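Asker: If you want the building blocks of each chain, they are given just below.
Number of protein chains: 2
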Amino acid sequence: MDGITQHNTYRNDTGTAVPTIRIFKGDILHTPTPDAFEVVEDGFIIVDNGTVRRITSALPSEYANLPVADCNGSLIIPGFNDLHIHAPQYPMAGLGFDYELLPWLERYTFPAEANFADPEITQRWYKRFLNKLWSVGTLRFSAFATLHAGSTLELMRLSQRSGLRPVIGKVNMDRNAPESLIESTDDSLAATQKLIEKSRELTPDIGFIITPRFVPSTTPELMQGLGALVERYDLPVQSHLDENFGEIDWVRELHPDIPSYAEVYEHYGLMPEGRTIMAHCVHTSERERALLKARHVYLAHCAQSNMNLTSGIMPVRRNLDYGLTISIASDVGAGHVPDINHHIVQSIEASKMLSMLPEHQGERPLLLPEAFYMATKAGGSFFGRVGSFEPGYDFDALVIREDDNPLGLSPQERLERYIYAGDDRSITHRFVAGREIPLPFPDIA
Amino acid sequence: MDGITQHNTYRNDTGTAVPTIRIFKGDILHTPTPDAFEVVEDGFIIVDNGTVRRITSALPSEYANLPVADCNGSLIIPGFNDLHIHAPQYPMAGLGFDYELLPWLERYTFPAEANFADPEITQRWYKRFLNKLWSVGTLRFSAFATLHAGSTLELMRLSQRSGLRPVIGKVNMDRNAPESLIESTDDSLAATQKLIEKSRELTPDIGFIITPRFVPSTTPELMQGLGALVERYDLPVQSHLDENFGEIDWVRELHPDIPSYAEVYEHYGLMPEGRTIMAHCVHTSERERALLKARHVYLAHCAQSNMNLTSGIMPVRRNLDYGLTISIASDVGAGHVPDINHHIVQSIEASKMLSMLPEHQGERPLLLPEAFYMATKAGGSFFGRVGSFEPGYDFDALVIREDDNPLGLSPQERLERYIYAGDDRSITHRFVAGREIPLPFPDIA
Chain V
829 MDGITQHNTY RNDTGTAVPT IRIFKGDILH TPTPDAFEVV EDGFIIVDNG
879 TVRRITSALP SEYANLPVAD CNGSLIIPGF NDLHIHAPQY PMAGLGFDYE
929 LLPWLERYTF PAEANFADPE ITQRWYKRFL NKLWSVGTLR FSAFATLHAG
979 STLELMRLSQ RSGLRPVIGK VNMDRNAPES LIESTDDSLA ATQKLIEKSR
1029 ELTPDIGFII TPRFVPSTTP ELMQGLGALV ERYDLPVQSH LDENFGEIDW
1079 VRELHPDIPS YAEVYEHYGL MPEGRTIMAH CVHTSERERA LLKARHVYLA
1129 HCAQSNMNLT SGIMPVRRNL DYGLTISIAS DVGAGHVPDI NHHIVQSIEA
1179 SKMLSMLPEH QGERPLLLPE AFYMATKAGG SFFGRVGSFE PGYDFDALVI
1229 REDDNPLGLS PQERLERYIY AGDDRSITHR FVAGREIPLP FPDIA
Chain Y
829 MDGITQHNTY RNDTGTAVPT IRIFKGDILH TPTPDAFEVV EDGFIIVDNG
879 TVRRITSALP SEYANLPVAD CNGSLIIPGF NDLHIHAPQY PMAGLGFDYE
929 LLPWLERYTF PAEANFADPE ITQRWYKRFL NKLWSVGTLR FSAFATLHAG
979 STLELMRLSQ RSGLRPVIGK VNMDRNAPES LIESTDDSLA ATQKLIEKSR
1029 ELTPDIGFII TPRFVPSTTP ELMQGLGALV ERYDLPVQSH LDENFGEIDW
1079 VRELHPDIPS YAEVYEHYGL MPEGRTIMAH CVHTSERERA LLKARHVYLA
1129 HCAQSNMNLT SGIMPVRRNL DYGLTISIAS DVGAGHVPDI NHHIVQSIEA
1179 SKMLSMLPEH QGERPLLLPE AFYMATKAGG SFFGRVGSFE PGYDFDALVI
1229 REDDNPLGLS PQERLERYIY AGDDRSITHR FVAGREIPLP FPDIA
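Chains as they are written, first to last, in the numbering used here: chain V, 829 to 1273; chain Y, 829 to 1273.
Chain V with its partners taken away, still in its complex shape (with noise of 0.2 Å):
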């Protein structure tokens, strides 16, 4: 695999620079479509400055005389998306689920959130939360941060200096929150917009979400300048959505006036087309399907999440059918590991046992290309053209290194083995864009 790291340029015909070109040879493996993987075994990747512009089985000539980045015996496959994660909670990620919900959040989440008031803690836990989404092959995704601006701002500037291509959020919450974790409305919308202006100027390739707990710790008027801002700086929006019964009762409480959960969200502007991450709906209505539908909604499934939490499970292959658009996420705290390929086989595992309740007999389980699809194309599309290898899509990538393959394994398989058996000591090379990204922080262990 030498040469993996080689860069050039070269001029055509007529003595004209052209981009940069490079070229990765190996088992290429993605899915254009949920239905199946596309692979190409032995296979070449162009890639023009960061983008791909082809894939090929046999270099055409007109690279001949370029040098190849040979991954021969690797599988190279487009890097995971992480639609819901929360950078504050992984140092606690893997505690405490033999609680429930709200004893797990006061003993675990709103302390380990409240500890991002202190700088050393915000330097050395998103330092190492960068190095964990890295290690496991993350290579974008979305985050919630806490309430503290300054703290949120310097997940920005690291996530800036990592390669990786987050976007984040800083956490607005001005009801309903213990007290080391509250703030006052016009304090949150005044720190956001400040903070919206501040990273556009400092990190310029971390995107920034406005970012709602949920509905049951944001006041209508906090909602109404959230969706202002949305409005005004053409902002996306993540937030929470029908995780538990609990919670959808508590928001019928709140906004009695409003006939969803869902539409609340919508209410106040916190709905952007295209633009909005919704995690869990595990218990969305009809009517919220159809919302959620109309404004091309990212659903982000947390099967693991939802396990831990005795939430349910999603009703993903209904979803599906009904043309909802489904990514796969981590939920890091409630998800006890933030590595993608779990969680790509939690999904499956969920939808199989839903496959074996009477209500929903007859619906097909997940797929593995299927589901591999949610935690690379569907989630990606939240950035952009990321997510594949089809032309004009962004080269993120991996390169895995499986065993010696003594079995005589198909690329597929090995990719199987990977997803189902494998770990972050099998991801050898991670590309964004095009670019090759080192582990961020070194330093810290």
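Simulated from the structure, these hints should not be mistaken for lab results. Given the structure is predicted, the values throughout are model-derived calculations rather than measurements. Just to be clear, a hint being listed does not mean it is correct.
Any copy, or any two copies together, can satisfy a pair, since identical chains are not distinguished.
To be verified - Below, computed lysine to aspartate or glutamate pairings styled on DMTMM-like, alpha-carbon distance capped at 20 Å:
1. Lys960 with Asp1252
2. Lys1121 with Asp1149
3. Lys1180 with Glu928
4. Lys1180 with Asp1149
5. Lys960 with Asp1251
6. Lys1022 with Asp1033
7. Lys1180 with Asp926
8. Lys853 with Glu866
9. Lys853 with Asp870
10. Lys1180 with Glu1007
11. Lys853 with Glu869
12. Lys853 with Glu1091
13. Lys853 with Glu1218
14. Lys1121 with Glu1101
15. Lys853 with Glu1025
16. Lys853 with Glu1241
17. Lys853 with Glu1230
Given chain V, put chain Y in place with the hints provided.
Answerer: Frame of chain V; chain Y shown alone:
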């Protein structure tokens, strides 16, 4: 952690030689009962000739002059026990889960097992298998080999060399199997008997376990003959029971005169009291549960496998309340990884899923100490006094080195994080009956 491999014999006041004593210091956790972890932070385990003498938070003066293996900052927990694993399926663990059970068996499982007619594959893959179990901390286990007697004996010899302490069975199958994996009744019985005697001579620390694959693949004559071997050699038995409805119907068709699947095993002398392991038990009837209880059968709960193959979920809470003995098992290759910490999590998750169904409403999901107990003491008791640090128990232990603990977590929280989010990289030392076990086959990748 220097000194952890020190041995030593000392003389007491009267000058009499006393047995070898070893003292381990660290954060000790185990589950003498399923209700709660017993935790001795910064405590001592005194081990006498491989057996736990006591745990103490302060070292008694009689031991004051002995060196202590200081695992300060690490957790010391009992080793994991896995009561159901298919050794020859390890190479294809993680493959084929988009298929239903029957095509999965035909495409992956049976060819994988047929490979073990080859001595080279036997050597290579059984060494890898043992290395892998060592790495994840599975110190004792009950394995299905294949029907090949030579290859099975080799697995026993390699196990003897490894220092791990499994019981192993040659699979018997003389009906309803592919041509590459079937034997005549007489050959099956003769080979099994020969293997029992040979292994007693050659592998004194590795138990032999009678292993009819499952009722549909063993004729009444074979089961009868195996029952006679159980009696004659006083052997334990392992098999499969009530994994899915198709299998249960099939058994009913094959044995219409016997009222239930479990009773077929009993009828043929294949349910020796306190020495029988039955894997899965997802769909047991009341009648069967009574029999399993009366015979003190070890149920091997394979939650991951049961999700992968869409088999269902064992009603663990009900079975525990009823008084059944349940251990946690990987069922590799229908489970995709052998890591028992992951199977602990998956058992808890499965139990939470079940608790959300109307017919299981009000059933408390498994708590972490209960699942840990199942994976240590419940499974370990099949092997004797194993799986706990109570006095008289074998010192089977794992030393777990977690993070540098900047969050000030309690020992139980650190254990919880290892179980949910850790892997083999956290295990620094492994002991079986007091003896430290190095990587069994370091020459194998």
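Asker: For Lys1180 and Asp926, with the copy left unspecified, which applies at a CA distance of at most 20 Å: within, between, both, or neither?
Answerer: Cα proximity of Lys1180 and Asp926: across copies only (10 Å, versus 24 Å in one copy).
Asker: If the cutoff is 20 Å on CA atoms, where do Lys1180 and Asp1149 land: within, between, both or neither? Let me know, please.
Answerer: For Lys1180 and Asp1149, the Cα distance is within 20 Å only inside one copy (16 Å; across copies 27 Å).
Asker: State whether the alpha carbon distance between Lys960 and Asp1251 is at most 20 Å within one copy, between copies, both, or neither.
Answerer: Both ways: Lys960 and Asp1251 sit 12 Å apart in one copy and 14 Å across, limit 20 Å.
Asker: Regarding Lys1121 and Asp1149, is the shortest C-alpha distance of 20 Å or less found within a copy, between copies, in both, or in neither?
Answerer: within (11 Å within a copy, 45 Å between copies)
Asker: Under a CA distance limit of 20 Å, which applies to Lys853 and Glu1241: within one copy, between copies, both, or neither?
Answerer: For Lys853 and Glu1241, the Cα distance is within 20 Å only inside one copy (19 Å; across copies 45 Å).
Asker: Which holds for Lys853 with Asp870 at a C-alpha limit of 20 Å: within a copy, between copies, both or neither?
Answerer: Classified as within; 6 Å inside a copy, 53 Å across copies.
Asker: Checking an output row: Lys853 and Glu1230, CA cutoff 20 Å. Within, between, both or neither?
Answerer: Within one copy, since 16 Å is at most 20 Å while 38 Å is not.
Asker: For Lys853 and Glu1218, with the copy left unspecified, which applies at a CA distance of at most 20 Å: within, between, both, or neither?
Answerer: within (16 Å within a copy, 57 Å between copies)
Asker: How would you classify Lys853 and Glu1025 at a CA-CA limit of 20 Å: within, between, both, or neither?
Answerer: Answer is neither; intra-copy 42 Å and inter-copy 55 Å both fail.
Asker: If the cut is 20 Å between Cα atoms, do Lys853 and Glu866 qualify within a copy, between copies, both or neither?
Answerer: So Lys853 and Glu866 pass the 20 Å test inside one copy only (15 Å; across, 54 Å).
Asker: How would you label the pair Lys853, Glu1091 (within, between, both, or neither) given a Cα cut-off of 20 Å?
Answerer: For Lys853 and Glu1091, neither the intra-copy (48 Å) nor the inter-copy (58 Å) Cα distance is at most 20 Å.
Asker: Can you tell me if Lys1022 and Asp1033 fall within 20 Å by alpha carbon in one copy, between copies, both or neither?
Answerer: Within. Shortest intra-copy distance 17 Å satisfies the 20 Å Cα cut-off; inter-copy 70 Å does not.
Hint compliance for this structure: hints 10, 12, 15 are broken, all remaining hints hold.
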